[in-house]
Amino acid sequence: MRTKNIILFSLISTFFLIFLISIWKILATLQGLSINSFNIEIIFIFGFLISLAHLGIGDRIKSIYKSIIFSSIFVFCDGYLIQKLPIWYNVGVFLILYFFTNKINKYTFIGLKEDHSTQVILFDFLTLFGILFFSFVILFPFYMMLVTSFKTQIALLVNPLDFSINFGQDIRDLFKSYFVIFKSYKFGKYIVTSTIVSVGTVIITLLFAIPAAYAVARLNFFGKTFLSTSILIIYMFPAIVLVIPLYTIFSQLGLRNSIEGLLIVYTATTLPVAIYMLQGYFKSIPKELEEAAILDKLSWFGIITKIIIPLSIPAISSVALYVFMIAWNEFLFSLMFLDNPNSFTLSRAIQYLSGDAETPRQYLMAGSVVVTLPVLFIFVYFEKYLVSGLTAGSVKG
Amino acid sequence: MNDTLANTEKKTAYILTLPAVLLVFSIILFPIFANIWISFKEVELKDIRIPEPRAKKIVKSISDKPTKIKILYKLRNSSLIQEIRDVSFQDNFPKNFEIENLDPRCSYKKYNLKCEFGNWPPKYKENFQVIFATNDGSKIDKNNFKSIKPKLDGKSDNILLNTNFTLKNFKKVLFENEFIDLLLTTFYYTFFGTVGSIVFGILTAQMVNQKFYGRTFMRSVLLFPYVAPVVALAYTWELLLDPNSGTLNSLLLNYQIIETPINLLGQKYIEISVLGFDFKLRLALTTVIMFEIWRYFPLAFLFILARLQAIPKELYEAADVDGASPFQKFFKITLPQITAVISILFMIRFIWNFNKFEDVFLLTGGASGTRTLPINVYQQGFAISDIGMGSAVSIVIVVLLLMFMFFYFKLLGKRVDEN
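If you read the sequences in order, they're chains A and B. Counted from 1, the first sequence has number 163 at position 164 by numbering that gives the first Met the number 0; the numbering is strictly sequential. Counted from 1, the second sequence has number 346 at position 347 by numbering that gives the first Met the number 0; the numbering is strictly sequential.
Warning: the hint list may mix true and false statements.
So, partial list: chain B residues that the calculated Cβ filter (under 7 Å) puts toward chain A [as the list claims (entries may be wrong)]:
| hint | residue |
| --- | --- |
| 1 | T16 |
| 2 | P18 |
| 3 | P120 |
| 4 | K124 |
| 5 | L238 |
| 6 | L247 |
| 7 | S249 |
| 8 | V376 |
| 9 | I386 |
I should point out that these hints are in silico values taken from the structure, not numbers from a laboratory. None of the values given here were measured: they were computed from a predicted structure. Don't be surprised by glycine CBs; every beta carbon is placed ideally from N, CA and C.
Next up, chain B with everything else stripped away, as it sits in the complex (with noise of 0.2 Å):
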């Protein structure tokens, strides 16, 4: 009895759970394996199109005949690359019609004409004519002919099911394009874009765990950069740091700042001197990150002020009676509630942010060294159109995820065990 009990639950459980395993399984499990398996091979954009045999009807009357009526199909393989194996072609066609010269290739039963092309090469094109003659004499129009559609079929290989591999996106990947240019700069966007944000993140967390009129209204403002759609933000933001007539620039130049406009996000360097030296600052980057932290300092925020206010009162009352200043409070008692916090956002916003392609691509496009990672997939996928290549890309950022992954653990479970 409690056998079948829980034989019934399980199956029922599977049943439960089946439709959003396979949805996210097909769709997000296969791709990675799908990127590993085309990360071996030469694909480019153009051949991931199935070859497909195409027929243009063309119905066309015979002027001195009315009983006769003549019909052109212009065929071809859609591809420029590939084969087409055993393409077959049918069409119907209107009763009480005879054929006239008909094709070898070709049969007509039941007003259906089939026929067997055999194979298209690549760039394939021939015009195939059939004539048709009313059996009973009687006049033809030509919109019964028009009004169907012939059908074609044909085998070719798939390019990305063959087995032909290689290294070369590996190499090109590794060797070639600057490979640690990329990655400096995505280790410089990642790892600022993170710190900057929980700093941030601590700071407005700080503030609105004290009282204050319109805190709550100060709690939503916070969050608007976070849930507005990254989209809008973007081309506000570029409008807002543009170099000709962009509002911080006109600003700086009203308030004699500077004396000849900043391209914020179009300039690669720009040397700044400190205290007598001289160095060159990654403008275009530094932007870049400081949209990253203003548009991802709520979450940090969110949680940390969650963490706040957990924090059991009696600490701070305690603190006071043994007459600890603000800062002693904040670096004694604050700061070491909300560590374990600050580490589990620092390794999710590091990776999220190792991973961002959308705000960099909407802001510079990967311009003026600021190609990271993500924005290199899109470029080599879809830019250079090698698909290959993009899939290899995303095998990196898999690898090096992975590996971040791994000792970010192995710290933390090291740090678990000294406490």
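Pulled out of the complex, with its shape left as it was, chain A reads as follows (with noise of 0.2 Å):
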């Protein structure tokens, strides 16, 4: 029981390792790092002897010792022996090394004889494991898309592995892409034209939700709650069914093309959850507050203004940010009604950019860089509103 145990502990920890210097590899590679093989036969047999020995030195030398003299081993022999490499490569092998072998400390020769010990083992590792996973699954695109915006085209053809960037050349040949799309391609004015939609959204959205918002959550009325219930189920109609009849009403009208269009759009489709999270938040609200109101008199105007917004601006932060959120990201309504390069929004004009074949990557990047930067840099900034927004909108997506 014991051995068994132990071997599965070793090989554990073993493939952990494996992944850990695979990402490494990986990541090295893409610096311009020629690396052909990830060699996971020789990182499987001393991840092995390190796990095993480990187990058999447990605390008869202090762990930082027993991190640095492992760690130094396997640099020299993998880095000094088999790879020729460059010495900051080495230095994140050690690194790596160093905090593996400081993750293994914990399990001990007489911890692996408890119950279960096999099954934590593996659930200790899967949470590194998928931590790492996801981390490099989620942020390599960002990367990627980031260190693309400042390439050149002939280098990107060249090695499409290199991703390094020279930060000693020119300021403006490190930031071409940049300058080119804002002068040939007018991202200037598309950037002008996404805020006006993106914040006219947020501005009328909220200007019609707040009231009926007030009125769905305190006033009684004949309808009320078939209309809190149509609301929801309104919010589920898709986009693409309506498409046709806006397209065909909104060209008849002459709204194609137009920031009024989109804006009435957006604040149609984002109006149904504004309201259903804001008359959540009203109903949150004691009542005295507005009684002791009616009595001085105030209208339901003044109620609103004076009451009911001063107490709830952290719902309608969330809501503001929600929904901008939406109306920058939007696409299909923007592709479908936009089809004059004057009046684009920063997706369109970036999906626009790609249907032209010619354009080098590198300038589709630096759009892409320019419209996904201020929502990433508002979502990490005002995290906390908007991850609540995004629980309750969440119907959509």
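With the hints as a guide, dock the two chains, each given alone in a separate frame, to form the complex.
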């Protein structure tokens, strides 16, 4: 039983080590190093031996020394004897090994005798593996987007794996793609359009949604339950089935290629969820405050502006941020309604840019960075508000 | 007294909700019904432009007579297929001018020329000409004439409003265009996209629910694919998967995992042999589903994490006392606690994946076996320019959605009864 546990522990930790080193190798390859093999067999043997030796030595040596010794041996064998690679690569391998040996320090010879110890180990390593795997899988496309926008066409064709950026070059060459998309492709104008459309949608949505949400939350009227349930049902109807009728109507009214047209559609599609989110929050505000206001003879307008809005700033902010994000990222309607390059939004402009097969990919990626950065910035900065918006509004996506 | 209060309350409520209700109904509910109407018609993209009478005004001086001026109107019907009835024409002129040879269809009063041109057939064109002369013999400035634009008016049938209906569109949708294949593709895309995003959502939520350094950062990172604009992400993936110089193919070639590049987004099938069985995998569709999962698992993660954090700690402590293994804890405590969230998520994601247009459109444009129903709406309506067909496909989508919702709620209702 114990031998089985020891072998399982060694295997699991070895696979984790192989995964760590492989990711590091991929990243190093992308910096232009020529590494043509993962050398899985060698790392497997080393990893297995290190895990066993770790259990064998136990507490006899202080854990820091143990980690340093193991890491040094590994780096010496792998880096010096097998592959001749730059020093920064080997420093990275050393740090990975140090991290790894620190992680396996938790497990001792005696600990492996306990019930379920293999399952505990598997669970621990799966979590570690998951964290790294998901970080890599998610961040890698974003990293690629950013790096590609700083490269030149020739460099990308010569070695598609070389993602290293030469920071020594002139700042104008480094940011060349950005200068080009702003100068030749009028991205400045598209940013302004996108901003006007998104901010406009937020303002109009709030203007319409706050009174309606207040009425649904507080007042009694015929058709109230019908209204609040139909809000959510309407919200489930997909944009793709609205597109053709709206396209025909907008063509006949001359609303295509206009900011007004986009504002109307975006507001209508975000209103249901805005009302739904706000009315939930308004219901949580104590009624007594309004009763006092009614005694003071405040009108509904006064109640909303003087009591409801100041008290629900957090909810209003999360609705505003959520609506902003939806409007900024929206693509389907802008594809359908805009065909004149003068009225493009950012998303539509990037799609238009990619329609031309001649467009160099670094311009496309620079455009993508321009459209992504504001949203990610807002998301990271206002995460708390946006997450509550996302959870409430997530019936849509 | 009470009555009037209730009445004012009602009135206020209607005033407050009316703007929002009107907007939502006119932009969302009305088009759904309009779809039904259009789907029974033969309408093409070019038909929906309303025909307009148009006039181009050209001012010409007559060389030997400086007191006279010729004005040419190039009149035409903008539509190639529709007639315009009762076309009327109006133009204003500067003072002190007299008209020569007035056309019998026109009248000239107070420097205002009015004409009734009658009916214009499709493609109608006419050059209409008037000559003016000053009544005091002074010279003419051309610009005085140019600055004023003529006004035209006319009546025409709106092809959308007539009552000619046909079942042709539905026949075409259901019996041509490989409808079964379309349905299957949509179903694969929807089902595997939904299940995949939920599975990854459970894994990541379980992961983030444990304590580790950098946990809040990890939570933000996991939501990146969901909050970033789809256009940027789709093109980044396209570059990543490109067969010629894409990063993924280059990496795989570099490490000698594959020998020739794989066109992940442009190849319909790939032959795979597992345990001696050869079968064809729909490659492009699988890639698109992967993108779908990558982009939407954060949502599942967010929901499930919120639920996990609400599970009482005592349950796990009790399980520890009983000596339960981590897997037992997961399957006996965690999973039952999140089934409700998962079933809601499944429905929401299923509906939305079923209607997803942008992702597939941007990645493959519906080529190499990735044509789903929403893509078909676009292709019929805008690529082939058959608006009626596009609408018919939209109706099919709505009907399937309503059916799905109906069965889902029935099943859900049953389960609640059993419990």
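**Item:** L247/B as chain A interface residue, shortest Cβ-Cβ below 7 Å
**Value:** Violated, because the Cβ-Cβ distance from L247/B to chain A comes to roughly 10 Å (cut-off 7 Å).
**Message:** K124/B was flagged as interface toward chain A. Is the shortest Cβ-Cβ separation under 7 Å?
**Reply:** violated (24 Å)
**Hint status (Cβ of P18/B to nearest Cβ of chain A, threshold 7 Å)** = Given a least distance of 5 Å, the restraint on P18/B holds.
**Asked** Does the nearest C-beta of chain A fall within a distance shorter than 7 Å of the C-beta of L238/B?
**Response** At about 6 Å, which falls below the 7 Å cut-off, the nearest Cβ of chain A leaves the hint on L238/B intact, so it holds.
**Asked** Holds or violated: is the Cβ of T16/B closer than 7 Å to a Cβ in chain A?
**Response** It holds, given that the least Cβ distance between T16/B and chain A is near 5 Å, below 7 Å.
**Request:** Closer than 7 Å between Cβ atoms is the bar; does I386/B clear it against chain A? Give me holds or violated.
**Result:** With Cβ-Cβ at 6 Å, under 7 Å, it holds.
**Item:** Interface hint compliance - V376/B to chain A, C-beta minimum distance less than 7 Å
**Value:** holds (5 Å)
**Request:** For the hint on P120/B, just tell me whether its beta-carbon gets within less than 7 Å of chain A.
**Result:** violated (22 Å)
**Prompt:** Close enough to count: is the Cβ of S249/B nearer than 7 Å to one in chain A?
**Reply:** holds (5 Å)
Of the numbered hints listed earlier, those contradicted by the structure are 3, 4, 6.
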